[in-house]
Amino acid sequence: MLDFTGYVLRWDEGIRWALTAGTNLLKSIPWIGNQLYEFVLGGSEPGPAALIRFYSWHIFVLSLTGAVVMIWHLFRVRRDGGIAAAPAGQREDSARITRAELLRREILGMFFGGVLLIVFSILVPAPIAAPMRGATIVDADSSAPWFFLWVQQLLKLGDPFLLGILLPLGVILFIGAMPYLFKDIQQTELGRWFPRSGQRVQLIFILISVIIIALTALSISQ
Amino acid sequence: MKKPSRRDFLKLASNSLLGLSGLLGLGGLIRFLSFDMDPAPPSEYDLGLATDFPPGSRTLLMHIPAVLIHDNDGWRAFSMVCTHLGCTVEQKDSGYECPCHGSKYDTAGYVARGPSNTPLKKLRVEVNDAGNLILFMN
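Chains as they are written, first to last, in our numbering: chain A, 1 to 222; chain B, 223 to 360.
It is possible that part of the hints are untrue.
Below, a list of computed lysine-lysine pairs in the BS3-like style, where the Cα atoms sit at most 25 angstroms apart [claimed, not checked]:
#	chain 1	residue 1	chain 2	residue 2
1	B	K314	B	K344
2	A	K156	B	K343
3	B	K314	A	K156
4	A	K27	A	K156
5	A	K27	B	K326
6	A	K156	B	K224
7	B	K314	B	K343
8	B	K326	B	K344
9	A	K27	B	K343
10	A	K27	B	K344
11	B	K326	B	K314
12	B	K344	A	K156
13	B	K343	B	K326
Derived from the structure by calculation, the hints contain no laboratory data.
Generate coordinates for the entire structure from the input sequences, incorporating the hints supplied.
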């Protein structure tokens, strides 16, 4: 959502079909689709009201929610002594990561992440096309944003609601729910990369990733 | 009256600021929900003199977007908005094709290949008293 609302803010010909198809997907939701569409766009078709709305969702509602969740995440990492760790008695090193060490790692991560993004944005110019003005189409790009190419490929197969909303939402929810659904990992193996007891989860995750990557590649090649 | 401690003062100040920003956010949310809709697109278009579209012509009206056909049966028109997810179809040799998800329609606007399963929307065309063609969107 944060990616899509940010992508739309370009408001150029490059986003015309992504915005049209993405918002028309809402209409395919039974019962509430049309009302939801008008609520999201602020009109019966994409226009200035839609741009303001996507701007507010992107910089206010979604960013604020993201910030709250991120703060909670960092707090839990600190409190739990890492992303995942075995109970104190079963760990080889019972010491928790210190606050200073955690802060050092996070700042380093932010620094290198920031430098990487700045270098990338300097070397690869942003693909901004001609501004979108009304219904006149100027060489619009029909590709979905890169993170939704797999959904665009799915949509070529048929029903928008099933393939464009239910299935992607189901996949995302399933990935989020995996730690709660598969409790295979043994306590002694917590906090380790690719534990043996978690092979079933790893296999399912790899399978989902391969399908998404394959759909994305297929979409790019067409 | 007891002088408030530094801790109490800071607590009151931070709670007040939080409450105020919450109220401001709530105000924004109420304004957001009670929005004025953008005006709806026109429900009819004046295409100009009917004689500008001679028999046998097939005209793409990209600003609408629609196709206007003048053949032996008279005037016909259909929308160029794909019935799958709303992208504008492009004219090809065999008919029309949607650039977004690849739906194909024949020259009469009927589905030739999915994912779309509904023909392009037919539009009503009338000639008014002044001899102008009027295209109705609904």
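These are the hints, each one checked on the structure:
| no. | hint | in the structure |
| --- | --- | --- |
| 1 | B:K314 - B:K344 | holds (19 angstroms) |
| 2 | A:K156 - B:K343 | holds (20 angstroms) |
| 3 | B:K314 - A:K156 | holds (19 angstroms) |
| 4 | A:K27 - A:K156 | holds (17 angstroms) |
| 5 | A:K27 - B:K326 | holds (21 angstroms) |
| 6 | A:K156 - B:K224 | violated (72 angstroms) |
| 7 | B:K314 - B:K343 | holds (18 angstroms) |
| 8 | B:K326 - B:K344 | holds (16 angstroms) |
| 9 | A:K27 - B:K343 | holds (17 angstroms) |
| 10 | A:K27 - B:K344 | holds (20 angstroms) |
| 11 | B:K326 - B:K314 | holds (9 angstroms) |
| 12 | B:K344 - A:K156 | holds (24 angstroms) |
| 13 | B:K343 - B:K326 | holds (14 angstroms) |
When held up to the earlier numbered hints, the structure conflicts with hint 6 and nothing else.
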